[in-house]
Structure formats: C-alpha cells, structure tokens
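Novice: The lines below spell out each chain.
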Amino acid sequence: MGRKTGFIISKILELLATLLVVSLLTFVAFSVIPGDTAQVILGPDASQAQLDALRSELGLDKPLIVQYLNWIAGLFTFNLGKSAAFGVPVSDLIAERLPVTIGMSIIALIFVIAVSYPLSVLSARRPGKVLDQVFSVTGHILFAIPPFVLSLISIIAASALFSGFRAGQYFSPDENFPGFIGCLILPSFCIALPKIAMTFKYMRSSIIEQNASEYVKNAKGHGLTDMRILMKHVLPNSNVSAITVISIVLSDILAGSLIVEQVFNLPGMGRLLLSGIARRDFPLLSGMVFYIAFITVLLYFAADVLGSIADPRIRLK
Amino acid sequence: MKNPSSKIFFIAGCILLGIVLLIFLISLFWTPYDPSATDPASKLMAPSAAHLFGTDNFGRDTLSRVMDASKYTVFISFAGVAIALALGLVTGIPAGYYGGWTDRGIMLLSNSIMCFPGILLALVAVAVAGPSMYNVVWALGLVFAPTFARVCRIGTMELKQRDYIIHARVMGIRSPRIMALHILPNLTGSLLPATVIGLANMTLFESGMSYLGLGVQPPDASFGKLLADAQSYMTRAPWLVIFPSLMLVIYILGLYFVSEGIRVRSGKGGN
Amino acid sequence: MENIPSEHIRHIHIVKIKDLTLKFPATDKEPEHIVLDKLTFGIRDGEIIGLIGNSGSGKSMTAYSIAGLLPGNAMITEGTIKYQGKDLLSMNPKDRRSMLGKDIGMIFQEPASALDPLMKVGKSLDEILLSHGIKDKAERYNRISDILKTVGFDQPEKTYERYPHQLSGGQRQRILIAGAVLLSPKLLICDEPTSSLDTVTTVAILDLLRKLCTDMKITILFISHDLSAVKNFCDRVIVMKNGKIVESDTTEDILMNPKNPYTAELLTNARLDPRTLDLTHAEYNPDEDPVLSCKDVSAAYTASLWGRWDENLVLSGVNMSVYPGEIKGLIGSSGCGKTTLVKTILGLMKSGGEISRPEGAIGAVFQDPVSCLNPAHSILWHLKEALRPMRRSMSKEDIMSAIDNAVDTVGLDRSYLSRRPDELSGGQRQRVAIAMCVITQPKLIIADEPFSSLDATSAAEILKLLAKINREKKVAILMITHNIHIVRAVCSTVAVMDAGKIEEDGITEAVLESPKSEAAIRLLDAEKRLHS
Chain A
1 MGRKTGFIIS KILELLATLL VVSLLTFVAF SVIPGDTAQV ILGPDASQAQ LDALRSELGL
61 DKPLIVQYLN WIAGLFTFNL GKSAAFGVPV SDLIAERLPV TIGMSIIALI FVIAVSYPLS
121 VLSARRPGKV LDQVFSVTGH ILFAIPPFVL SLISIIAASA LFSGFRAGQY FSPDENFPGF
181 IGCLILPSFC IALPKIAMTF KYMRSSIIEQ NASEYVKNAK GHGLTDMRIL MKHVLPNSNV
241 SAITVISIVL SDILAGSLIV EQVFNLPGMG RLLLSGIARR DFPLLSGMVF YIAFITVLLY
301 FAADVLGSIA DPRIRLK
Chain B
318 MKNPSSKIFF IAGCILLGIV LLIFLISLFW TPYDPSATDP ASKLMAPSAA HLFGTDNFGR
378 DTLSRVMDAS KYTVFISFAG VAIALALGLV TGIPAGYYGG WTDRGIMLLS NSIMCFPGIL
438 LALVAVAVAG PSMYNVVWAL GLVFAPTFAR VCRIGTMELK QRDYIIHARV MGIRSPRIMA
498 LHILPNLTGS LLPATVIGLA NMTLFESGMS YLGLGVQPPD ASFGKLLADA QSYMTRAPWL
558 VIFPSLMLVI YILGLYFVSE GIRVRSGKGG N
Chain C
589 MENIPSEHIR HIHIVKIKDL TLKFPATDKE PEHIVLDKLT FGIRDGEIIG LIGNSGSGKS
649 MTAYSIAGLL PGNAMITEGT IKYQGKDLLS MNPKDRRSML GKDIGMIFQE PASALDPLMK
709 VGKSLDEILL SHGIKDKAER YNRISDILKT VGFDQPEKTY ERYPHQLSGG QRQRILIAGA
769 VLLSPKLLIC DEPTSSLDTV TTVAILDLLR KLCTDMKITI LFISHDLSAV KNFCDRVIVM
829 KNGKIVESDT TEDILMNPKN PYTAELLTNA RLDPRTLDLT HAEYNPDEDP VLSCKDVSAA
889 YTASLWGRWD ENLVLSGVNM SVYPGEIKGL IGSSGCGKTT LVKTILGLMK SGGEISRPEG
949 AIGAVFQDPV SCLNPAHSIL WHLKEALRPM RRSMSKEDIM SAIDNAVDTV GLDRSYLSRR
1009 PDELSGGQRQ RVAIAMCVIT QPKLIIADEP FSSLDATSAA EILKLLAKIN REKKVAILMI
1069 THNIHIVRAV CSTVAVMDAG KIEEDGITEA VLESPKSEAA IRLLDAEKRL HS
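As given, the protein sequences belong to chains A, B and C, one line each in that order.
The first sequence maps to residues 1 to 317 in my numbering.
The second sequence maps to residues 318 to 588 in my numbering.
The third sequence maps to residues 589 to 1120 in my numbering.
In case anyone wonders, no lab produced these hints; they're calculated from the structure.
C-beta: ideal position from N, C-alpha, C; glycine also.
Keep in mind that the hints are not guaranteed to be accurate.
Stated by the list, open to error - To list a few chain A residues with every Cβ distance to chain B over 12 Å, as calculated:
hint, residue
1, 14
2, 56
3, 285
4, 309
What the hints assert, rightly or not - Cut-off 16 Å, straight-line C-alpha distance, at most; resulting in silico cross-link-like pairs (EDC-like, lysine to aspartate or glutamate):
hint, chain 1, residue 1, chain 2, residue 2
5, A, 220, C, 1113
6, A, 220, C, 956
7, B, 477, C, 956
8, A, 217, C, 780
9, C, 682, A, 311
10, C, 708, A, 226
Make a model of the complete structure from these sequences and hints.
Specialist: This is the structure in structure tokens:
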C-alpha cells in the first residue's frame, strides 16, 4: 500500500514539476524579449510619463519574480488582465474562440478512432498480403501530406464537385448548432487523415506483435478461437500501449487545428494566436501558450495514469 | 519483423527524394525564368509549353518559383535537424548514461518542451524573435531537440546494460570517453531513421509556418509560402496550389519511405 | 465394432505419424527448405516419450504438426498423422483447433511471457473452459480450483486472483500446465518446458508431469535439446537430426549405449563435463591477505524516486573472501543474487557494508559472448582501450608488446586484431574478453557464468584457459557458475548463495559431499538428479 501511494505521489509531483517548468519557460520567454506591453497599448506616440504610469498600473515595474507570481495567480483565477491589442480580458477572448478548436478536435478524434481501429485489425490479420500492403502504402502517403495542403486540395475538390460549397462558411454554435458541426466536418477530416495513418500504423504493428507473442501461441494451444484471442487477449493488450499514442495524437490534432482553421477561415484559437502574434500582444500570447501547454500536460498525465491503471504490472508493482 | 518490401520502400524513397534534390541542385545554377521577374502580360496563365507549371497573379513563372523554393525547404530541414541532433546528443546521452538526478533534470526540461505543441512553440519563438529564415531554423532545432534527446537517452540506457559498456566502466575508462567512443557509434542504428523522419517532420512544420507567413520572408519563398500566396486564386488557378503541394509531398514522402526502408533493415523500432 | 463410438476404441498408439514430409516453400531470400523428411513414428498410449535434437532438427515442427499450429507458410506435402485412428490432416481447421485443450494439451518453453499480462491467471484458465463451451460458472470455478490444487497450489482461491507478474517462473509454468490439462486431454505436448528454468524448479516440474502421467493417464510427448535432462523422466527417446529420426530406443539403452555417432555427440556436447579435462584444484594459502574481502555487504534496487533503501534488499550480510591464487566457486539458483553480488564487487551498484578490493583493475568476464564486445570497434581497439587507464606510463612499443602478450596468452592469432567482433565465434569472443582482463595484469578476475552460452567444446577450452591463467599468473578467480562439475574440478573453495545470503562457504569437497545448509542440500540434490 505504501508503495502504491508513493507511486501516485511521485506521479503528481512529476505533474507539478512539469507545470512549473512549463510556466517558467512561458513567462521567461515573454519577459526577455524586446517589446513592451505598455508601448503596444499606447502606441508609438505615447510620452514617457504616460508609459511609466501604465507600467506601474500593469505591475510591469515590479521585480520579475513578483510579476511571475502575479501572472501565475492570474492563470489559476482566469484573470490574465486585458489583451493589449483588443482591450478586452484575455480570458473572454479565449473562451469565445474555444468552441471551434475543441469541436474540431473532438470530431477529428472520433474520425481517427473510428477509422484506424477496424482498418488495423483487418490489416494485421494477414500481414504482407495485398490488402495490408495497400493500406500501409496509403497510410504513408496520407502521413506525408501536411494537413493544410490537404485542406487546400479538399477545398478545390469540394468547390469543383458541389456548386453550393463555399469555403470559409461559419455558423456560431449558439445560433445554428447543426450548421456549426457541419462546417467543422471537412476541416476536422483534413486534420484527422494523417493521424488516422499514424494510429493505423501503430495499432497494426502492435497487433502483429501481440499475435506473435508467447501467450497468443499458448492460447491457441489451449484451443481458443482466433476471434476470441483477438477480443480477449490481443486488443486489450494493444489498447494499453495505444493510450499513449492516442494522447499524442490528440495533442497533435489540437496543434494541427491551429493551422487548418486559417485555411477554412474559422474563428478558433489559431486565428486568435496569429492576430496576437501580428500585434505583439504579449498578455494574450503568454496566456494562450500556457493554457494550450497546460491542456497537453494534463492529457499526457491522464494517459500516464490510465496506462498505469490498465496495466496490473504497474498498478500492483 | 522481416519485410521484403523494405527494399522497395527504400528504392522508391530514394527516387522521390532524388527528384527533389535534383531540382534543388539545378535551381542553384539555373531556373527557366527569373523566379521574381513579373510579367503583367501573362498573369494567371494555365500550364503551357512556355510556362510548364503556369504563372501566378504577377505573371511569375511557377516552375521557376517552385525550383527556387526547394532551396529554402531543403536548407531549413537539414540545418534544423543538424541543430536538433546536436542538442539531442549532448543532452540525451548523459541523461541515459548517468541516470538519477541528471536524467530527471534533463527529462523534465525536455518533457516540458514537448508539452508545448511543436508548431505553437516554433510560431511563438519566431514571433518573438522576428520572422526570418534563420530564426525558423533555430526555433525548429529547439522544438525537435527533445525528440532526438529521447532516442539518444533510450538507446544509451539500453547500451549501458550491455556487457561491453559495463566492462569499460570496470576497466576504469572515463565517462565522457565511454559516451563518445563506446556508446555513440552504436547509436547510429537508431539515430539514422530518426534523423530522416526528423527531416520530414521538420519540413511539415516549416511549410505550415511559412504558410502562416511566419517562415521564410518575401521575396524569398518556400513551398509553404507559395501555397499561402496561391490560396486567394486557388479555385481560378489550381495549378498554383497543385505543383508546390506535389513537390512538398514528394519530398516528405521520399523521406518517410527512406526512413521506413532503413528502419526495417536495421531492425530498429521507433516512430 | 461399428457400434462402438470411436473414442472408446483403445489404440496402442495414440498418435501415429507416417511418412510425414514438411516443407517451407522457397522465398526471395531462401531456397525451399525441407524440415521433416518422411518421418514415421508412433506415440504409445500412456508413455512419456522424448523427442531430442538440436535446433533445426525438426522436433518442434513435429509437435506443431500434431497440434495443427504450424506457421502459415509451412506445407505438408506427404504423409498422415492419425490421432486415435482419426486422420488429423483431412480434418477442417476449426475442428482441429477445438481438439486442442480437449484432446491434445500443449505447453511451451517461455513461461515468462506465455500468460496474458493483463489477465488474472484464474481468468485465463476460465477463458479456456468458456471457449470449450462450459457455460456453468460454478462448475468452471470448481474445475479450476481442482486443477490448481493438482498442479501444486495449496490455496487455489488466492492463486486465481493473481496476475502473471506476481508469480515466479516455476509457478507460471505450473499455471500453464494446469491450463493444458484442464480438460483432461489424452496427449500432452511439452515443447522444452524446462529449458528456461533453473535446476531446482526443473526437477519439481518434471515430478509434476510424471504425476500427471500416472494420475490422469496422460501420454506425454516431451521435446528437448538436452539428452541428459530426459534421463530419469522419459520411457522412450527418439533422436532427430535434419528432419529424420536417427535413433529411437528406451531411454536407458540410448543413454548407456548410443548406437548412432550423432546421439553420442549430443550426449557429450550437451553439457561441459570437465572430468575428462584432467584439471586440478587451484592452490592457495589462507594465511595471506585476501585480494577481495566482503564484510556484511548489502545491496538493494531502488525502484521509485523516493524508494527506500531497505525496501527490496537483494543482498544482505554477505561475508566472503578470495585469497591470492585461489579459484572460488559461487553457486546458487537463478535469482539468488549472484549477479548483484558481482555488480557490487565491481563497484557498479551502491551498497552497504565493507568491500576491500585489490589495487588496480579487476578483470571481468561475463556470460553473454555476444554483448561482451563493442560491435562498433575492432579487436585491437578493444585491447588498447583496456590499457587506457594505465597507458600514460607506457610507450608505443610497450603497448604493442603487451597486446601481443595478451593475445598469445589466450591463444588467439594476431590476424584477429584487425577483425570486428561480429566476425568471431562465441568462444573467440570470450577469449578476447579474457585477453582484455589479462592485459591489465589484475590480481582478481571475476568470471560470471562465462561458459553457459557456449557449446561444450568451446566451454572446455575457456575453462582450461582460465585455469592456466590462474596457475601461471597467480590470478585469483571468482567463478560464478551453475555447473557443479566445474566447481568440483577447479575450485578450491565454494560458496552457496540463496535469497541474497551466503548460506555456506568452505572447502569444495566438504561443501559438495556433506552440505549443511538447506539451500545447498536442495541445490545439490537437484543437480545430482539432472546431471550426475
């Protein structure tokens, strides 16, 4: 029991340490760079007195460590101050753009799991045969196409095929939810395709590896049918190792959506990030960067914990 | 798993890669037209004998532009991987070799960097330092370093268990020498495919950044920038999208195929 | 006759194989390969029959042919296999699969990985009953409890809830045997079931199999590469080579009087028997200062970040001395802490207690000849590297003559210097490893099972070499081995380890002839039964 609590505690400490380093990296990156938030807000014509006044109002004249602690406090109370460029609270800006990015990520993840699992089981049944080869080569090709290129091509194709298709159409989820989902499907699919290929490749080799393992040989020797071995032994074992891959895929999807949004002209986090970069809006950027990294850290942590729960060798060590 | 198709992958990859590298080499000395020369008389012309890949909205020759762009794409991927590889070696091998707190410290830093989605980190780094080709190289080098550090660390941890490394320690060889002369030569088997994959992923990232306008700056253009420029005309002049995309995909696919070929051949795992 | 259901007819031969020919078709890399060549033999009802041969002899493929588990590309081109009169090769695959477990049980070589790591062992056994159509839950549970008791688990309800990683190698093999005989098959095929187990466990598993043979009337087909291991176990032995039977007789006749030269070769080559080598004990003087002495040494593997030191002690209170010129044996079953002790002595692990090591380098020779040399460098580089810590005071000529000397001592040709490790055989690699020790002129060499992965001929040469180095250079050797005969032949003293402690330590004859500790008695008893 003592060892088990020790394991959990060390995992949580690891999580906290990672968050600390992530926040430090973010903060330091935005502190050492040239550029001044006060200057951005007031514009190039502001007088020195105006700048000093705003700096002390924003707390920029305090020592860095105090600024850091204030910033951390802001992160956890969702109070990151006002955006330098838009003049509205950063949290509001992020909350407004979140549905598009989250929606796309969820739809893309559904695509990835729904397509890659059946295909990898099918492919691993007879490795090296025609079906497997076709799937594998297709997977490689899909993997090599950047999602934004896929998006451009799919827009060209869709405009040519459907006269009603208009790129850049967007419906707000509050007004027209089915329309909102509808306009996310094609972009999500473009993000998902390379990740389908990645998950397929991983699952396929994992299943093949399990199929060659001693315990599958042994189960065959006990007279179990292939289907039963697949469902009861092979897939559960592949799933344990797939948890990590899925977490990586999900964080890739999140990152991928930043660019693909731009192609489809969707008002998500990616657009916000780019306008923040263009206007050197550091409060906005540092908040966004941290939150996105924070989600990723939690994602990996969750995968780690799930993996340990699913595997008795770790759980009962 | 022995796979007879590894040879086919390797050959196909070399051919694809050869196409891009050949165009890259030719572009250093010759392009059909001056890639930045505008010609108002021939705007947005479809592919023809005079302009094999058509022209853009300024009447610039797309083939010449694509050839010129290969220069930046190839250079950035190789330079970025070189930086990432160097950083990965000097952090990953000591982490795997010494273990303990050295390992924990290096891994904490590298895991933390990996928690920022790569493209986000690169975008912000470039945004902060100002968009330019060299900043892109540095940013991507930093973003990819943890991947190589991991490969080196895991390889070193595994080699450290081998009798010949244990023996070297027993004989009293100094640690830096063990890392450089006993371990490093044996890591090439797993580093080679990782490097080739790194080139492909680097190109994916670079094209995305250039597409967003944060990579190579005008008047220079890599494949990603060409695609960004083409977007407004893509339904009217699809060739502006198709040819740069094709080159980009051929380059990345070639790298993937080559890495697949050598990975299976050297019997190493990895992503 | 027609009215009697086929399963009630008694057959003298439970399995009859006639003219069985098995081929692997040609691929781009390899030409067509004949694995079994017109194989004909029968397995009598109720006997334990051994199928012996080196790897590639076709013994495993014979077993897989009977079970119907051949790899996809294997082709049976000729012959028949009859199980109680039924022609197996003309049955459909589904019916054959359902015969497994019910009529034919199988156990394999690797108990470590042969159980699904995510499934409780009880559930794994339950799966077998379920897939054979036994629906009643209580019945399944009772049958599993019964079989667990049969294979030697006193508390089946506890064992049921265990995961494979919580069991030892021997326990896992018992679970696998339980699974194989769960549905009381008539034939049990054992594919090298003991080759990865240590002697004590092997003897226990063989006893269990014998008990199952008599109690449950199970016929056993036992596959092994080690002829001497089947000695007190099999009734009859078939020796195979290149897909053909070279000899088949009762076990006694084959062992006492092998008619075929190949069988004789198998007998002598299976295990190094140093009694023929004419070696003598190393001489030493216990009044001299020891080159190595361990006082109250303890060591532990720390697992987690805050892992406590005493949580899983692998060594505790180890006291041991090695005197100049001595060869000391260290024996013990696998997992007793021998390797940890070696690592501790070599300073590779943190440890408690006091270790006084000799001045200068300690030589080390390890078990695995494959990983003992760095594949990236030549042999010459290895020898130069071994000299590196002392090289400052040496001229180029000194270095070259030291290398020449070392190479001569271990009996390697100079032409090997420019070669790479992968061009050398296992025995040659071990010689290079020994040369790397000798070149530093150590006072002590630690040899950690240096013979166990070599064939008998190379092992004998390496043993002679080590004895010669001991004699000529007065180097003390600490020799870790599991071969009692080696200990008897060369070691002046021997220490017996069990569960991280030295249980017994003394003059070789005294320890081997009249062991006092329980661990030593158990170990020597098992050794005697398997290898005497």
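Novice: Indicate, hint by hint, whether the structure satisfies it.
Specialist: Against the structure, the hints:
Against chain B, the non-interface label of residue 14(A) is violated: not every CB pair exceeds 12 Å, the least being about 8 Å. Residue placement check: residue 56(A) keeps its beta carbon more than 12 Å from all beta carbons of chain B (closest about 24 Å). Not every C-beta of chain B lies more than 12 Å from that of residue 285(A), the closest at about 6 Å, which undercuts listing it as non-interface. Its beta-carbon lying about 21 Å from the closest one in chain B, residue 309(A) satisfies the requirement of being farther than 12 Å from that chain.
As the CA atoms of residue 220(A) and residue 1113(C) are separated by approximately 36 Å, the hinted pair breaks the 16 Å bound. Restraint check: the Cα-Cα separation between residue 220(A) and residue 956(C) comes to about 33 Å, which exceeds 16 Å; the hinted pair is violated. About 15 Å separates the Cα atoms of residue 477(B) and residue 956(C), which keeps this hinted pair within 16 Å; it holds. The suggested pairing of residue 217(A) with residue 780(C) holds, with an alpha-carbon distance near 14 Å, which does not exceed 16 Å.
With a CA separation close to 32 Å, the supplied pair residue 682(C) and residue 311(A) exceeds the 16 Å bound. Of the pairs offered as hints, the one joining residue 708(C) and residue 226(A) is violated, with about 20 Å between alpha carbons and a cut-off of 16 Å exceeded.
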